[in-house]
Each structure stands twice: as structure tokens, then as C-alpha cells.
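Please put together the full structure from these sequences, using the hints given.
From first to last, the protein sequence lines stand for chains A and B. Numbering of the first sequence is given in full-length UniProt numbering, commencing with residue 1 and proceeding in unit increments. Numbering of the second sequence is given in full-length UniProt numbering, commencing with residue 1 and proceeding in unit increments.
Check before you lean on any hint, since a few could be wrong.
Identical copies look the same in the list; a pair holds intra-copy or inter-copy alike.
Here are the simulated DSS-like pairs of lysine-lysine, each with C-alpha atoms no more than 25 Å apart in a straight line [as the list claims (entries may be wrong)]:
1. Lys-51 with Lys-94
2. Lys-103 with Lys-125
3. Lys-125 with Lys-56
4. Lys-125 with Lys-167
5. Lys-77 with Lys-57
6. Lys-103 with Lys-57
7. Lys-197 with Lys-77
8. Lys-56 with Lys-103
9. Lys-197 with Lys-51
10. Lys-197 with Lys-94
11. Lys-94 with Lys-56
12. Lys-57 with Lys-125
13. Lys-94 with Lys-57
Keep in mind the hints are simulated off the structure, nothing from the lab. Here the structure is a predicted model, which means the values were calculated and not measured.
There are 2 protein chains.
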Amino acid sequence: MAVNYPNGKKFHAESHMPKTAKRKDFVYSNRGMTLEEEINSSNEHYLSSGKAVIHKKPTPIQVVKVDYPKRSAAVIKEAYYRQSSTTDYNGVYKGLYLDFEAKETKNKTAIPLSNFHEHQIIHMKRCIQQQGITFVLIRFSVFNRVFLLNSSYLIDFWENTLNNGRKSIPLAFIEDNGIEVAYGFNPRLDYLDAVDKMLERTIK
Amino acid sequence: MAVNYPNGKKFHAESHMPKTAKRKDFVYSNRGMTLEEEINSSNEHYLSSGKAVIHKKPTPIQVVKVDYPKRSAAVIKEAYYRQSSTTDYNGVYKGLYLDFEAKETKNKTAIPLSNFHEHQIIHMKRCIQQQGITFVLIRFSVFNRVFLLNSSYLIDFWENTLNNGRKSIPLAFIEDNGIEVAYGFNPRLDYLDAVDKMLERTIK
Chain A
1 MAVNYPNGKK FHAESHMPKT AKRKDFVYSN RGMTLEEEIN SSNEHYLSSG
51 KAVIHKKPTP IQVVKVDYPK RSAAVIKEAY YRQSSTTDYN GVYKGLYLDF
101 EAKETKNKTA IPLSNFHEHQ IIHMKRCIQQ QGITFVLIRF SVFNRVFLLN
151 SSYLIDFWEN TLNNGRKSIP LAFIEDNGIE VAYGFNPRLD YLDAVDKMLE
201 RTIK
Chain B
1 MAVNYPNGKK FHAESHMPKT AKRKDFVYSN RGMTLEEEIN SSNEHYLSSG
51 KAVIHKKPTP IQVVKVDYPK RSAAVIKEAY YRQSSTTDYN GVYKGLYLDF
101 EAKETKNKTA IPLSNFHEHQ IIHMKRCIQQ QGITFVLIRF SVFNRVFLLN
151 SSYLIDFWEN TLNNGRKSIP LAFIEDNGIE VAYGFNPRLD YLDAVDKMLE
201 RTIK
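Right, dumping it as C-alpha cells:
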């Protein structure tokens, strides 16, 4: 939404954000890390500190042709990206199976459902059936705010869309029903703290 | 071990196996599936029947050069295999995090520890700390027998080797401490049944 003030100056959403959020932005934002890099860095911290074992799955690639040069490593000369049948991240935390997907949006008011794929929804539903803990980490990059949202909400929105429901999840809904993930130094994104909070809510 | 009878006829280990094992061999062996294919096929069955969600992780590949031909899929033109930092399989089963590796050996009396890698051992130890269920599936291909072995045994053997212990796990030890996995039609390898048996033993 491009809104100008009467004096012609541009409206800056950031200046209307809560002070704490602004302070966080000042300290940590614009270091050029993608959400994926932030999660990988947090996972390394969780791993080395013995808090959890969570890894990003490698991108599935169909290898067609490989060269084996003498005295050096095999070189893949022809290969194609394949579609994954799962989410990107899974692992184990205090006996719990965790499974999640991470998405960023530049949108300021909602995350379009087009960021997700049917196979991810199907996979998350299957994991829930097996009592796995599934969620999505969503970054609103303009505000540099990250939320953990229980995937049951995503599944509801997804299925409503099939019945002509709205095609995005509003930020306001995520603020109400998700858990904001705190930015820090190490781990950069303490999303396991948000997982703990999500589990407390579920138990209540 | 090549042993001939006094009459010069070759010794066939298979003819000295228990009858049940022979019958299984007769019905199911030599269909040319690798252990990996058998596990993948079993995982598909578990997935479609809603029994568990377990996937093989893709091989990690470092992509260096990609071509984007017009009107067709991206072609990877240069890439290299990277070493994984985990085991090959993980997933969720009745609320449990499962994590395992699969290995085949042509050896008739033991599986050499050289089949395993340090990063796999480290990963399994970390998963155990998080209360994950970790094990190895070992196929003795000559006999077409598959065993599930709790990875705590593998870790013990691994650490003894560092203190000049033996460099392989004897089949006799695996027969005593592992659980033989039954071959069937669908799932081809019902290793979750062996997981159930392993958990029963642990509880006792």
C-alpha cells in the first residue's frame, strides 16, 4: 500500500512499529542474511550446544551424467532439480519430532498462500497424524519480524481457499495466533523458545 | 571362507541355514532390489497406509553452474557430491523420532565397521541425547538376512575400535542382540515391527 503524507513525504511503516521492534531492527537487521541462513545458523548453535538436532534437507537433485577425472573428485555434468515431497527442515528436540517450512514475504499485510505447495501441506498433515510437531516460520521482511505459526492454521487457510476462501494469511491473524520469534545473537533466531510457547498453549 | 568337501564339492553356506531362512530366500530373494530400494518401497507403504512418515534424505550436492535454457527446465552443468552430516533416513512414527542408516555387506561372518562413518556415529549419539530412536539396518546379502541393531551397540563397537578393539561386528553378536527383520510382500521389509520389538526390550 503506497500512501503519501499530505506534504508529499513517503509513509514509512517502520516508524509506526512498536519501539522494541524498531530497536531490534536497528541492532540486527540488514546484515544480509536470508531467513534460511538465519535458521541454519540457529540450528548449528542448537546442535553444538546439545539443545536439538535439526537439519535442513538437501535439495533433491536427479543426477544424469557424472565424470570421474583421474586423481580428483567426481564431477556431475548433467543434473536436474526435482520437487521435494517433504518440508525443508526436520529433526528431534527433547524427544519430539519437529518438522517445518520457512517462508519470507515482502508483503506488509499478509503472506500469500502461493508461498506454500500442496506437497508440503500433505506432508505436514501426515506428520501431525504421527504426533509430530509441525509449524511454519514466516518472515515479514519489510518489518524484519519472524513468526512461528502452528501448521494447523496454515492447513485451515489452505483448505478454505479450496472453498473460495481468502488466498493469504493476514499478518494480524499471525500476530494473534502465532508466536513472534525473538532475534538474538546466538542463536540468531531462537525458534525453539517459540516452540516451547506453542506447546504450552496446546497443553492449556 | 572357501571350503571344499572331501569329495571336492563346494561348501554352500545356504544349505546350512535354518529352514525358515531358506524358505524366505526361495520366495523373495534375487529380485535384484538393493537394501535401499527395499527400504524406500517399505517407506512408501508406511506413508500411504498412514503408519509412519519416513523419508530418505537426498544426497547433498554442491551446485556450481546452472544453465537456464529457454522454455525448459534448469540444467545443472557442474556440481559436486558433498559429505552428509547425518544418517540417510529419518522421520516420525507414533510420536517417536526415528533415525537410521542402512548398510549391506557381502561378508558372511561380520559387518566391518569401515561401512560406517564418524559423522554418522556422532549424529546418532546426538539424536540419542534428544531421546530419538536410532538404529542401523544391516543386510548380510549372501544370506539375504536383514537385522535391526540398536545403534548403542554400534557406538560401543566404534568406541572400542578406537581402543584397538575389533574392527567389525560379528553376525553372531547381531543375531543375539539385534532383531531380524521379516521379508514380506508389502511392506517388503517390515522394519517398524522390529522397531516395536526393540522398544519392548528397552522398556523391560
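Results of checking the hints against the structure:
| no. | hint | result |
| --- | --- | --- |
| 1 | Lys-51 with Lys-94 | both (8 Å within a copy, 22 Å between copies) |
| 2 | Lys-103 with Lys-125 | within (18 Å within a copy, 31 Å between copies) |
| 3 | Lys-125 with Lys-56 | both (19 Å within a copy, 19 Å between copies) |
| 4 | Lys-125 with Lys-167 | within (19 Å within a copy, 43 Å between copies) |
| 5 | Lys-77 with Lys-57 | both (22 Å within a copy, 22 Å between copies) |
| 6 | Lys-103 with Lys-57 | both (15 Å within a copy, 21 Å between copies) |
| 7 | Lys-197 with Lys-77 | neither (47 Å within a copy, 45 Å between copies) |
| 8 | Lys-56 with Lys-103 | both (14 Å within a copy, 23 Å between copies) |
| 9 | Lys-197 with Lys-51 | within (16 Å within a copy, 29 Å between copies) |
| 10 | Lys-197 with Lys-94 | both (14 Å within a copy, 23 Å between copies) |
| 11 | Lys-94 with Lys-56 | both (18 Å within a copy, 22 Å between copies) |
| 12 | Lys-57 with Lys-125 | both (19 Å within a copy, 19 Å between copies) |
| 13 | Lys-94 with Lys-57 | both (20 Å within a copy, 22 Å between copies) |
Violated hint: 7 only; the structure is consistent with all others.
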